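K.L.:
Given the structure of chain A, go ahead and fit chain B onto it with the hints provided.
Sequences listed follow chains A and B, in order.
Residues 19 to 530 (our numbering) are what the first sequence spells out, left to right.
Residues 86 to 442 (our numbering) are what the second sequence spells out, left to right.
Simulated from the structure, these hints should not be mistaken for lab results.
Computed from a prediction, not measured in an experiment: that's the story for all the values here.
Ideal Cβ placement from N, Cα and C applies to all residues, glycine included.
A few of these clues could be false.
Computed Cβ-Cβ distance ranges for the label pairs, DEER-style [unchecked claim]: (1) Ala401(A) - Gln130(B): 51 to 61 Å; (2) Asp507(A) - Glu266(B): 23 to 33 Å; (3) Asp352(B) - Asp420(A): 41 to 51 Å; (4) Val440(B) - Leu329(A): 28 to 38 Å.
Within a straight-line C-alpha distance of at most 27 Å, the following computed DSS-like cross-link-like pairs (lysine-lysine) qualify [claimed, not checked]: (5) Lys281(B) - Lys254(B); (6) Lys254(B) - Lys421(B); (7) Lys324(B) - Lys360(B); (8) Lys281(B) - Lys421(B); (9) Lys226(A) - Lys47(A); (10) Lys360(B) - Lys329(B); (11) Lys281(B) - Lys415(A); (12) Lys360(B) - Lys415(A); (13) Lys149(A) - Lys163(B).
One-sided and incomplete, this derived list gives chain B residues near chain A with beta-carbon spacing under 10 Å [as the list claims (entries may be wrong)]: (14) Gln221; (15) Ile270; (16) His357.
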Amino acid sequence: MRRRIGIDVGGTNTDAVLLEDGRVGAAVKTATTPDVTTGITRALAGLVAQAPDARGAQAVMIGTTHFTNAVVQRRDLGRVAAVRIGLPSGASLPPFVDWPEDLAELVRAEVVMLEGGHEFDGRPLVPFDVKGMRAAARRIREAGIRSVAVAAVFSPLNASGEEEAGAILQEECPDIAVTLSHRLGRIGLLERENAALLNACLIELARKTTRAFTAALRGSGIAAPLYLTQNDGTVMLAEVAETYPVYSFASGPTNSMRGAAFLSQRDEALVVDVGGTTTDIGSLRHGFPREANNVVEIGGVRTLFRMPDLLSLGLGGGSLIRPGPAPAIGPASVGYRLTEQALVFGGDVLTVTDVAVAAGLIDLGDRSRVASLPAMLVEAALARIRSMIEEGVDRMKTDAGDAPLIAVGGGSFLVPARLAGVSEVLNVPHQAVANAVGAAIAQVSGEVDQIFQDLTRDAAIARARRAAEDKAVAAGADRATINVVEVEDLPLAYLPGNSLRTRVRVVGDIAG
Amino acid sequence: MRPITAEEIESLAIGAWILGTGGGGSPYLALLNMRQAYRQGVVCQIMDAAELADDDLVAVVSNMGAPLVGQERLTDPKTMALAVTMMEEYLGRKFRALMSLEIGGGNSIQPFMGAAVLGLPVIDGDCMGRAFPEAQMTSFAIHDLRMYPLTLADVRDNAVVVARAASWKWMERISRKACVEVGSIASTCKAPRTGKEIKECAILGSTTKAIGIGRAVQAARRAHRDPIDAVLEVERGIKIFSGKIHDIARRTTEGFLRGTATVEGLDGFRGHTFKLAFQNEFAVGWLDDVPRVMTPDLICVLDTVAGDAIGTETLRYGQRVTVIALPAPPILLTPKGIEHVGPRAFGYDLDFRSVFA
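So that you can see chain A by itself, here it is in the shape it has in the complex:
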């Protein structure tokens, strides 16, 4: 039997599920612990208690927001050398130029700018300054820096400069961790370089964390390989993933959406994930979250990489309600203190959950404590919740027709059965642990984003597709199972010779 364990470590809860031949065999919700691993150990113990066969799982997938939190909270970050290859261009805007000063001071150990890089058509900008690179590598070694980020101009089109720099760094600085920007991001030097720098400052933490995860697995008697889930809903082997912590920044909401697709058997739908404090709305395309095209800020740093396109609303089970003829809801929330502070739990704060209990949407706590809420207030609050969700759903749609909506998360009881612009609202079993289900079903991906010239659109896409498939196989995919999930092409203004920017993404099952 094919057994997979999926774990999602969120800010409040750690959820785990056992998937047996694609069926949920066991599911557990526990509290997240400050050290993260204790929560995982408890969740695994819960799974094994429900289904002893969980120990025989062939793969374990963990999704975590640990690394994003480290950047946002400015903790456990390593010091980093930045190597920019692209002089004489970009000299006035060195690495870290648009970082918040407090974060830059924590992370910036050394900045090196060297001649090199490429043009949009792949020609060299100037020859790469190999000598300068070697001298810089020696300085980095002498300074005792253990992590370095390398970014070269137009490296997504021609990575040779970054590769050569990486090789020299490895030669001169044994054991140094090297992050090459072309592995992380797309066109947009500063944003790609920022992603590489963030990655480099998290690498030490990622290594420690994945090792602790592995230890927690082994301690629970599970011998299966560990995978970490990525922003795009796919996985990487932990030993590979620990060198790309930024890839897991948004894995939580992605896993929820993937889980929603799996549990509902729908590949094209909108997903609403209602938690304690926020509601995330996203859009599934071919069973994967649609990705954001724009700049994403993490802890004040502008980056540009694979992230789901999400709309976050300040609406959750713990959201505060300020009564009135038009009651205001959120964004303040009692969060994990719901079970102490909400009216139905004996507290004195009016929350969305209280209104839901009063209206009979869910049976929680002591219903008599909300019996005296005016019917008009309950009605008005529910109407407000409805219009918040309706507007959010409408904003995330890509065309005007009605679309199905899958409701997941602990607060999914708040989603009305009928909504404007929605063809049907789908409630599915295990919807409260959809995120852990999403982790358990994750596949392996490959992506290419490149400018092609003087090729027909079809030829450019075919070429990009081959390159994406090769990348997926290198990351552990079984070639026979690979599918194309996204094709995007954008003709470019002011570039000669019929230039086409083409992006292709493929996914496949884990090989073996």
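P.N.:
Same frame as chain A, now just chain B:
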């Protein structure tokens, strides 16, 4: 002449992006350059054209090339300054000041980048009053001023002087070709202008106008007021439409990003549809299939909540947008101006009618 503050340059970036009418390129990287320069103690001067002597020379500058290339080969002040000093060498004369070619988008800040290196003041003005895609779409071209010489500088040690061109079209073709050769990004110094020409033919005061727009947006945001109302107030603009992007189609032809966007009405505009056509910038808008607003009136599409300008490259389905019109500089509204930048110059068989008429 007076010093321009770092805060004013922040406001300029916001206002110029709105005056870009969907094009002109994001001012973000140029703004970062100015933050760097001011951090190092540079202070630029802004100068009224009235302070120019008739025989002073002014360098009209702009960054040229593909916005996408600009995201990798980041713009820098030295190359901008090089285009200017090359022109001085070619002419054998010194410039008194720099001026922007177009106030819409990133080129609004380019002369300040050059000025930061050269220590010259920047004239409060430009020659478009907004953003336009082509070389002949300037007040200088409308006044039939000479279009050459032009200098083009690459970040490597490459530079080109276009000594003569038979027409604006030829100037565009030759300089575009050189630009592509050096990687589709270059700094350019356009045909030098005398103080007299600037005073008579430039669009004066557009820099302070852009700063004023940006400042109004910032103040409204701080006070939790509607930033769009603030723009309309300060510029005496007209709110044309408000709704949600419903459909978007783009294609590139002859080097331009062309396309249409359809907006479905919300709030007071519910039940109505607005169609926008763009060629790098927004060119014409139809309310329920009737032409409502057209170039050279400025058509600006703003995020309904934040008030930020939205570029034609970043429009997407579902965005809540408000379309506003701002008055065009008077020179663009003359018969000769309409010939250069009116709807027919963009291929729309429409007689120009201003929404402000």
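K.L.:
For each hint, tell me whether it holds in the structure or not.
P.N.:
Hint check:
no.	hint	result
1	Ala401(A) - Gln130(B): 51 to 61 Å	holds, 58 Å
2	Asp507(A) - Glu266(B): 23 to 33 Å	holds, 26 Å
3	Asp352(B) - Asp420(A): 41 to 51 Å	violated, 22 Å
4	Val440(B) - Leu329(A): 28 to 38 Å	holds, 33 Å
5	Lys281(B) - Lys254(B)	holds, 25 Å
6	Lys254(B) - Lys421(B)	holds, 17 Å
7	Lys324(B) - Lys360(B)	holds, 15 Å
8	Lys281(B) - Lys421(B)	holds, 20 Å
9	Lys226(A) - Lys47(A)	holds, 25 Å
10	Lys360(B) - Lys329(B)	holds, 11 Å
11	Lys281(B) - Lys415(A)	violated, 55 Å
12	Lys360(B) - Lys415(A)	holds, 19 Å
13	Lys149(A) - Lys163(B)	holds, 25 Å
14	Gln221	violated, 17 Å
15	Ile270	holds, 8 Å
16	His357	violated, 15 Å
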